[in-house]
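Engineer: Just need the whole structure built from these sequences, with the hints factored in.
These protein sequences, in sequence, are chains A and B.
Each residue of the first sequence is one higher than the last, beginning at 1 in my numbering.
Each residue of the second sequence is one higher than the last, beginning at 194 in my numbering.
Do not rely on the hints blindly, as some may be mistaken.
[Claimed, not checked] With a straight-line cut-off of 20 Å between C-alpha atoms, the simulated EDC-like cross-links for lysine to aspartate or glutamate are:
1. K183(A) to E209(B)
2. K473(B) to E416(B)
3. K633(B) to E538(B)
4. K183(A) to D204(B)
5. K615(B) to E653(B)
6. K944(B) to E927(B)
[Said to hold, decoys possible] If the Cβ cut is set under 7 Å, some of the chain B residues that face chain A in the computed set are:
7. T206
8. R549
9. R934
10. R972
[Said to hold, decoys possible] With the C-beta cut set under 7 Å, the calculated list includes, among others, these residues of chain A facing chain B:
11. H33
12. E51
13. L162
14. S166
15. L185
Note that these hints are calculated values from the structure, not bench results.
Because the structure is a prediction, the values reported are computed rather than measured.
By construction, the Cβ of each residue, glycine as well, lies at the ideal position given by its N, Cα and C atoms.
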Amino acid sequence: MGGDEKEVAVSAVAARPLRQPPEALEVIFRQHHEAVFRTAYRITGDAMDAEDVLQTVFVRLLRRDDGLDPVAADEGAARYLHRAAVNAALDLLRRRKRRPAVALDEADDLADVTEVAPDRRRHSQELRTMLREALSRLSPRAAEIFALRYFEGFGNLEIARLTGASQTAVAVLLHRARHRLQKELAPFQGELS
Amino acid sequence: MSTESYDSPLDRTAAEIRDEAVDPAVVASAAARVWDRLSREGAQLEAAPETADAPASVAGPHALRGCDDFQAEIPAYLRGELPAGRALLVEDHTRTCLACRRAVKAAQNPVTTARPAASRSNVSAAPRSALGRRWTALAAALVLLVGAGLLLNLFDLLPGAAAATARIESVDGTLFILTGSGNSSLRPVAAGERLDEGDEVRTAKGSGAVVRLADGSLVELGERAALSYDARRAGTTLHLGQGKILIQAAKQRDGNLFVATEDCLVAVTGTIFAVNHGTKGSRVSVVEGEVQVTQEGKDRLLHPGQQVTTHASVETVPVADEISWSRDADRYRQLLAELTSFGQELDAAMPPPGLRTSTRLLDLAPQGTMIWIALPNLSQNLAETQRRLDQRVADNPLLQEWWGDTMGNGERSARFRSLIEKIGALGAHLGAEVAVAVTKDGPVALAEVADAGAFRAVLEAEAAELAAKHGHPVLVVVDDPAAASLPANGDDRLLAWVSGGLFVATPDPALLARVAAAASGTNPFQGTPFHGNVAAAYADGAGWLFAGDLKTLMQDHGKGTGSDASEAPGSETATVTQLGLLDLDHVIIDHRQGAERSQTRAVVAFDQARRGIAAWLADPAPMGALDFVSTEATLAAGFVVKNPALLLDDLISSVPDLGASIQRLRDEKGFDLQALAAPLGGEMALAVDGPLLPTPAWKLVLEVYDPTRLQAAFEDLVRRLDAELASEGKPGVELRTIQQRGRTSYALVAKAGGSHPEIHYLYADGYLVMAPSRALLDRALQVKESGATLVTSARFQELLPEDRQVNFSAVVFHDLGQVLGPLAEKAGRAVQQGTGHPGAGAALALAGPTLSYAYGEDDRIVFASNHQSGPLGFNLGNLVGLGGLAGMAGGDHGNHGSEVDSNESND
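Structural biologist: Structure representation (structure tokens):
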């Protein structure tokens, strides 16, 4: 890890004078920003997007009228933020699709896909991008559960608790999501060695 | 960590995603930026009154309680004027609320789904301050002195060169500086010397020293201390290798001040604290304010009187004891407070000089004038500054001590003061402009005089005093400039003539006679092209003006070096001709101090269409390459050149040594630079766009007309380079092809792997985009696609000059004064002092955004800059040899800028 750089940045955070956001938020930010960023990065695959998500999540937290008691709810904060990060990142993926600038980008990609010769080997990175895009086309709930399960490594029980769904519902949604995603990725699967 | 069986591509891909690594530095820099934005949000929230009576269109920070509130925000949201957080709330709400979504749609015309560009709030270019003006005033008055001949010994009164970055403030004992790669060379340094980024200073046994940082912070070093620093956008980091330091931090506006030791990091925003770092660990003690100490991932906040150690074996000691080695921390603190209020007083008292659109003086310049320097008469500002300073010094023993330190012994101080007084006395009678014309026979100072009688009396008193002091006449006030009885041209004698509302001073009687003749009749100089060019420069309004008749200057130079023209023609002349430099006609540099910003402009004109090197810069043209640069770039430069391949040819043919080595490279190693240059278009951009750590996020964008050919040439070059390295037994390099998101990019990597820097590039939209990582390439493409580029950003737009041009030939934007090398080094200090104006932007804490640009026209190149530092890193002060005075103004008044800012922001 580039320890020095990290410390500098974190301390830059810490060194802000007190006219800044509530201290509670500062504590939460310092503790959780990395987890939020990494979660967001996994879903968006892009550092800039992850930065946007990080900001989104904390701005929402900052603006919440009901606030979060950071000390008492330390574990709660982690869970809340984890889930918030997943959803904000998925939001961003979905929203991105609707933005014209990016729509062009995707049109590019899609055009590529159709033109690609079948024997062309897909880089695994590209497959990851495909998966992320496919994820954004799932229902928000299914996408969230899939991301929590397969990107974040939560168990079904935990996901059920986190999302307030029943364990059965989680399992069903996961199964459907997998099925759908496998279908979406199918055109490229055979090419993987 | 993964327990998945990778039996399906879906699982495998998901697992890959889960295990994808993110560079911690990327996370850290993103976190720093986000926190920064959050902080602004937070400040807004806190400042928000609970009952919102402000109109919503101002994006008032009141709470959004219902659909009406949200809908009221929609216009501002669509204009992109809402702060990021508020825009987000609107977005959140409209996603879930059909009525509001409809309202947004209704308000959108034409429909656009682009995200509002409000998320990056920009600090506008701050107005120039009186502080900037003050040193301008000092330098201007100094030129007046040159003219009046009183300046004979002033320069030795002044402290050393301008302190652009950190400076050694004082040395008690011996201080060494280690410079060069690997800190290979060690030499003693004296007070006044500059300390550059990366250089390390070490105090010897029993010695101490004080270093003044660019922001005005003072760092006192105890014995055997080793200190270096680096200045980044996020702040300045002092690296304490060993020993004790005591820091008197100036208020930090945007950046922060950090002290790093090998075992802890101390962050500070304006306070007094000490760090003691030794073999066992570190001890941090706080005298005033708050500091944050980070060690092993844990943060601790220290308050006055508190102390923390990094290792159990290091015990705490009373803070007073810990800093007892310091000579005068208290004194510094009080002193800064004094100087701050003085700076505020001056800011309030000094009006900026007006621009002059015409001049009588130019018409009186003697024939043969090659250089014309004209300045506003700021002697009264200078005298007033001194008067107020004297008053303060008299009232305050601390300031007395400081003044003594600054000026050295009492005699120097007295001489300085009396000089200032004389400037004031003489300048009071002079007109708005003071000019110096330089001919090959010598200089002539010219000024208009309002009250000739009174002025002459002052002058004669001065002459008598000088004569008494030197034992012979130094300043001779003459009655009849045409008289043959004038004293011979002496090396230390100045002739002054006051007549007809005009004051003329020169060491040369013949020049005096020429000016007198011009005043009473016709002046041959008036008919010259140079006169016409300078006169034209006044038309736009002149502040400072420097004009040089390069044609004549170079002819004279030619005569000086060779006895006749036929002797010179060797390769040297051929080179100069080739480079197009013999075509130079004149240069005019002017500096204008506006209320909002200052502009320095230089016009280099040629006597025919530009050729050679002078022709490399193409006529102004659009720069698509800059579209890859984001709104957050700290440095961006764009150029259009006429033809890269021809440019290389020019270089090869005009610099024979270089040409030969390029030729040799091609013949012996097969490195064909022409093959690389030929496929290029004429446009290029270089930017630092993103975090500076650990690898500066640079990007290079080149216009490419023939990517296939360029790629082939590049691949060939890499192959040859690899073979070359292999033949030397070194690990080679290779070019990798990366397919990602349907795009092909290339990476030039060292085969040895490890931490060697990589170069990634791809081709997009007719450009080659190059950066140190693939992520940065993606970002560059995103920037281009989003349209939110540097060029469209407010901080760039605000610096754009108002003129008839649509495009630039070259443009350099930077927002990072301290790390920019010579240009910033020269500009930095002066510029920094110029930011004491209330509301000066935080971005200016380091130097402020600066835009320099150039227009290539048929027979001239126009350079300009919006800042005090002119194009090419010089300013008028330096040009006329006044760097020392500028430095003094910077050094002595140095803290005002940042301190004034800070105080006002804290009010």
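Engineer: Next step is simple, just say for each hint if it's right about the structure.
Structural biologist: Verification of the supplied hints:
Taking the CA atoms of K183(A) and E209(B), the gap is about 19 Å. The hint holds against a cut of 20 Å. Restraint check for K473(B) and E416(B): satisfied, since their Cα atoms lie roughly 17 Å apart, inside the 20 Å limit. With a C-alpha separation of about 44 Å, the suggested pairing of K633(B) with E538(B) is violated against the 20 Å cut-off. The hinted pair formed by K183(A) and D204(B) meets the criterion: a straight-line CA distance of about 13 Å does not exceed 20 Å.
Of the pairs offered as hints, the one joining K615(B) and E653(B) holds, with about 12 Å between alpha carbons and a cut-off of 20 Å not exceeded. At most 20 Å may separate the alpha-carbon atoms for a hinted pair to count; K944(B) and E927(B) meet this at roughly 6 Å. For T206(B), the interface hint holds, since its Cβ comes within 7 Å of a Cβ in chain A; the closest pair sits about 5 Å apart. Nearest Cβ of chain A to the Cβ of R549(B): about 45 Å, over the 7 Å cut. The hint is violated.
A cut of 7 Å between beta carbons decides the hint on R934(B): the least distance to chain A is about 5 Å, and the hint holds. Because the closest C-beta pair between R972(B) and chain A is about 6 Å apart, less than 7 Å, the hint holds. Annotation: interface hint on H33(A) holds; nearest CB of chain B at approximately 5 Å, less than 7 Å. Evaluation of the E51(A) hint against chain B yields a held restraint, the C-beta minimum of about 4 Å falling below 7 Å.
The criterion of a C-beta within 7 Å of any C-beta in chain B is not met by L162(A), whose closest approach is roughly 17 Å, and the hint is violated. Among the interface hints, the one on S166(A) is violated; its C-beta lies about 23 Å from the nearest C-beta in chain B, farther than the 7 Å criterion. Given hint, L185(A) at the interface with chain B, holds; its Cβ is 6 Å from that chain's nearest Cβ, closer than 7 Å.
Hint compliance for this structure: hints 3, 8, 13, 14 are not met, and every other hint is.
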